[in-house]
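Given chain H, work out where chain S should sit, using these hints.
Top line first, the protein sequences correspond to chains H and S. Position 19 of the first sequence, counting from 1, maps to 19 under my numbering, and the rest follow consecutively. Position 284 of the second sequence, counting from 1, maps to 284 under my numbering, and the rest follow consecutively.
Possibly wrong hints are sitting among the right ones.
Pairwise CB distance ranges (calculated) [unchecked claim]:
1. S:P180 <-> H:K2: 22 to 28 Å
2. H:K2 <-> S:S278: 52 to 58 Å
3. S:S278 <-> H:E50: 42 to 48 Å
4. S:K257 <-> H:N13: 34 to 40 Å
5. H:E125 <-> S:N286: 50 to 56 Å
6. S:E314 <-> H:E95: 55 to 61 Å
7. H:L3 <-> S:D18: 50 to 56 Å
8. S:N55 <-> H:E16: 46 to 52 Å
9. H:I152 <-> S:I147: 26 to 32 Å
10. H:V52 <-> S:E314: 32 to 38 Å
11. H:Q37 <-> S:P269: 26 to 32 Å
12. H:I152 <-> S:N62: 35 to 41 Å
Looking from chain H toward chain S, a few residues come up when the C-beta cut is under 7 Å (computed) [stated by the list, open to error]:
13. L3
14. V52
15. Q53
16. T58
17. N59
18. V60
19. E61
20. A65
21. D80
22. L84
23. R146
24. L148
25. T150
Just so you know, these hints were derived from the structure itself, not from any lab. Computed from a predicted model, the values in this text were never measured in an experiment. For every residue, glycine included, the Cβ atom is placed at its ideal position computed from N, Cα and C.
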Amino acid sequence: MKLHFLKSKEKRNLIEELEKIYGITELPYLLLETGKQKIRGFSGHLSKEEIVQLTRLTNVEIIGAYLINKKDEEARISFDAIQLFKEKITKNIIEINNQQLQLWLRGYDLEIRAPRGIIILKHQEDFVGIGKSNTEKIFNYVPKERKLKTKIS
Amino acid sequence: MKPLFKQRMETLLPDKEDFEKYNKIIHIGPESFIRCNTIKIPIEKLLSKLKKKWNVVQPFSNYPEIMLVNQNLEPGELGNSLEHTLGYYYIQEISSMLPPLALDPKPNELILDLCASPGSKTSQIAMYMQNQGTIIANDLNIGRIKILSTNLEKCGVTNAIITRKDAIGLCASLSKSTFPKFDKILVDAPCSGEGTLRSSPKTFLMWNPKLIKKFSRQQKTFVAFALKCLKKGGTLVYSTCTHAPEENEEVVDFALKNFPVKIEKISLPLKTRQGITSWNNKSYHNDVKHSCRIYPQDNNSEGFFVAKMTLLEEVK
Chain H
1 MKLHFLKSKE
11 KRNLIEELEK
21 IYGITELPYL
31 LLETGKQKIR
41 GFSGHLSKEE
51 IVQLTRLTNV
61 EIIGAYLINK
71 KDEEARISFD
81 AIQLFKEKIT
91 KNIIEINNQQ
101 LQLWLRGYDL
111 EIRAPRGIII
121 LKHQEDFVGI
131 GKSNTEKIFN
141 YVPKERKLKT
151 KIS
Chain S
1 MKPLFKQRME
11 TLLPDKEDFE
21 KYNKIIHIGP
31 ESFIRCNTIK
41 IPIEKLLSKL
51 KKKWNVVQPF
61 SNYPEIMLVN
71 QNLEPGELGN
81 SLEHTLGYYY
91 IQEISSMLPP
101 LALDPKPNEL
111 ILDLCASPGS
121 KTSQIAMYMQ
131 NQGTIIANDL
141 NIGRIKILST
151 NLEKCGVTNA
161 IITRKDAIGL
171 CASLSKSTFP
181 KFDKILVDAP
191 CSGEGTLRSS
201 PKTFLMWNPK
211 LIKKFSRQQK
221 TFVAFALKCL
231 KKGGTLVYST
241 CTHAPEENEE
251 VVDFALKNFP
261 VKIEKISLPL
271 KTRQGITSWN
281 NKSYHNDVKH
291 SCRIYPQDNN
301 SEGFFVAKMT
311 LLEEVK
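Isolated chain H (complex conformation):
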């Protein structure tokens, strides 16, 4: 596994971007960039050197959790990282109702007017995903394997 630990400056730039979009002001993780511009965060106590040593001893497949996708213009938080950051997200949140939630979790885009760009969807007290708005519609980014397969009751 090729390791690219984010340097302090890269981390600072990323946090600045996250603050602008989400209001997130800290990332208490060792950050690594893996393929396809995905940023993973590791909260463990092993040092960088120990991690590098481990990669020499065995096949390291995954380190920490997938947090952020930098592929698009704006840094997009992953579906599961939203839960990890929920106390820190303060911007671009839109509340959806129960009917919209049922559609959203099944992978449908939502016809909701919202400012252009990344939108965090909230249902009651739960953060239920991330989408992208073109001002007319919020495009669905629920990962395929996490979409509900049941019919709407």
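Chain S alone, transformed into the frame defined by chain H:
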């Protein structure tokens, strides 16, 4: 039930009534246990959400994260809820939650989960570690690694490193290097699966005495190599989901007779029976009795085996 399997279980459960209870319950599906994933949601919040749709109880006061959905459910109902999609709970049979409880992980420890996939126990360990410290979660097969990775991601586990290597090769490489020794190791070993008949009835058909011997040899090697990676005073929990003594007490006996280990008594929230000290004309070390046998008829659970060892001197 194959005749030889029946005969072996009758030997393990000599009381006729006890065996009848066992033979009855293994044909009934298991109860619906879930584990609150406290990485993502506090226990009380999840409980209040779930109680709106199901009859949910917390059977063990010391382990409020363990919940039982005490009602009939539609197929797939537990897996299709909003709370499950968001990773608020993990569907996990109660007996499978026992090895991490025996391991008793703490934040800031270095822990090796040697045969980690599908990740139920790894995510439970990460939860007790509050995503601090480090878990090395290993498995061999790339398909199983993908399942492990998906499950850890869903649970919000950020303190794990997933490695892919055969268990012996990994331990050999680690023990020969200057990589830190582990505080705790879980060897939840591949086994013949006799304890999983309730959720996986195909085990009735696949059961084979030759497999038991093969697994037993492999399990002893896993434990021997894992002990080399453990620090002095460290803990190794050995577990299987089978009743076969060759894969359970015989492995613990092997560890006791060949390595500087001590078997610890374990307190678990289920009724357990002590390990047996003889089987098929073989006598085991007397301390093997501190191991825990979990029978389905005792707790309305699956069958399991758990043993906890402390390493007294580092193994070279």
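Hint by hint, here is what the structure shows:
Checked against the hint of 22 to 28 Å, the pair P180 of chain S and K2 of chain H passes, with Cβ atoms roughly 23 Å apart. Remark: the range hint 52 to 58 Å for K2 of chain H to S278 of chain S is upheld by a beta-carbon distance near 54 Å. In this structure the hint that S278 of chain S and E50 of chain H lie 42 to 48 Å apart at CB holds, the actual value being about 45 Å. Hint check: K257 of chain S to N13 of chain H, Cβ distance near 58 Å, so the stated range 34 to 40 Å is violated.
Between E125 of chain H and N286 of chain S the Cβ separation comes to about 55 Å, which falls inside the hinted range of 50 to 56 Å. Between E314 of chain S and E95 of chain H the beta carbon distance is about 57 Å. The supplied range of 55 to 61 Å therefore holds. The hint said 50 to 56 Å for the Cβ distance between L3 of chain H and D18 of chain S, and at roughly 55 Å that hint holds. Between N55 of chain S and E16 of chain H the beta carbons are some 48 Å apart, a value that agrees with the proposed interval 46 to 52 Å.
One distance hint, 26 to 32 Å for the beta-carbon pair I152 of chain H and I147 of chain S, holds here, with the actual separation near 28 Å. Taken as a hint, the range 32 to 38 Å is violated for the pair V52 of chain H and E314 of chain S, whose Cβ atoms sit roughly 24 Å apart. At roughly 45 Å, the beta-carbon separation of Q37 of chain H and P269 of chain S lies outside the given 26 to 32 Å, and the hint is violated. At about 40 Å, the CB distance of I152 of chain H to N62 of chain S agrees with the hint of 35 to 41 Å.
Taking 7 Å as the C-beta contact cut-off toward chain S, the hint placing L3 of chain H at the interface is violated, the least distance being around 11 Å. Using the Cβ-Cβ criterion of 7 Å, the hint placing V52 of chain H at the interface with chain S is not satisfied: the shortest such distance is roughly 11 Å. Evaluation of the Q53 of chain H hint against chain S yields a held restraint, the C-beta minimum of about 6 Å falling below 7 Å. For the restraint placing T58 of chain H at the interface with chain S, the shortest Cβ-Cβ distance is roughly 5 Å, inside the 7 Å limit, so the hint holds.
This hint holds: N59 of chain H has a C-beta 4 Å from the nearest C-beta of chain S, less than the 7 Å allowed. Interface restraint check for V60 of chain H: the shortest CB-CB distance to chain S comes to about 6 Å, inside 7 Å, so the restraint holds. Satisfaction of the interface hint for E61 of chain H is found here, the shortest Cβ-Cβ separation to chain S being roughly 5 Å, below the 7 Å cut-off. Interface restraint check for A65 of chain H: the shortest CB-CB distance to chain S comes to about 5 Å, inside 7 Å, so the restraint holds.
Given hint, D80 of chain H at the interface with chain S, holds; its Cβ is 5 Å from that chain's nearest Cβ, closer than 7 Å. For L84 of chain H, the interface hint holds, the least distance from its beta-carbon to any beta-carbon of chain S being 5 Å, beneath 7 Å. A cut of 7 Å between beta carbons decides the hint on R146 of chain H: the least distance to chain S is about 6 Å, and the hint holds. Here the hint on L148 of chain H is kept, as its CB sits about 6 Å from the closest CB of chain S, short of 7 Å.
The restraint placing T150 of chain H at the interface with chain S holds, with a minimum CB-CB distance near 5 Å, inside the 7 Å limit.
In this structure, the earlier hints numbered 4, 10, 11, 13 and 14 are contradicted, and the remaining ones agree with it.
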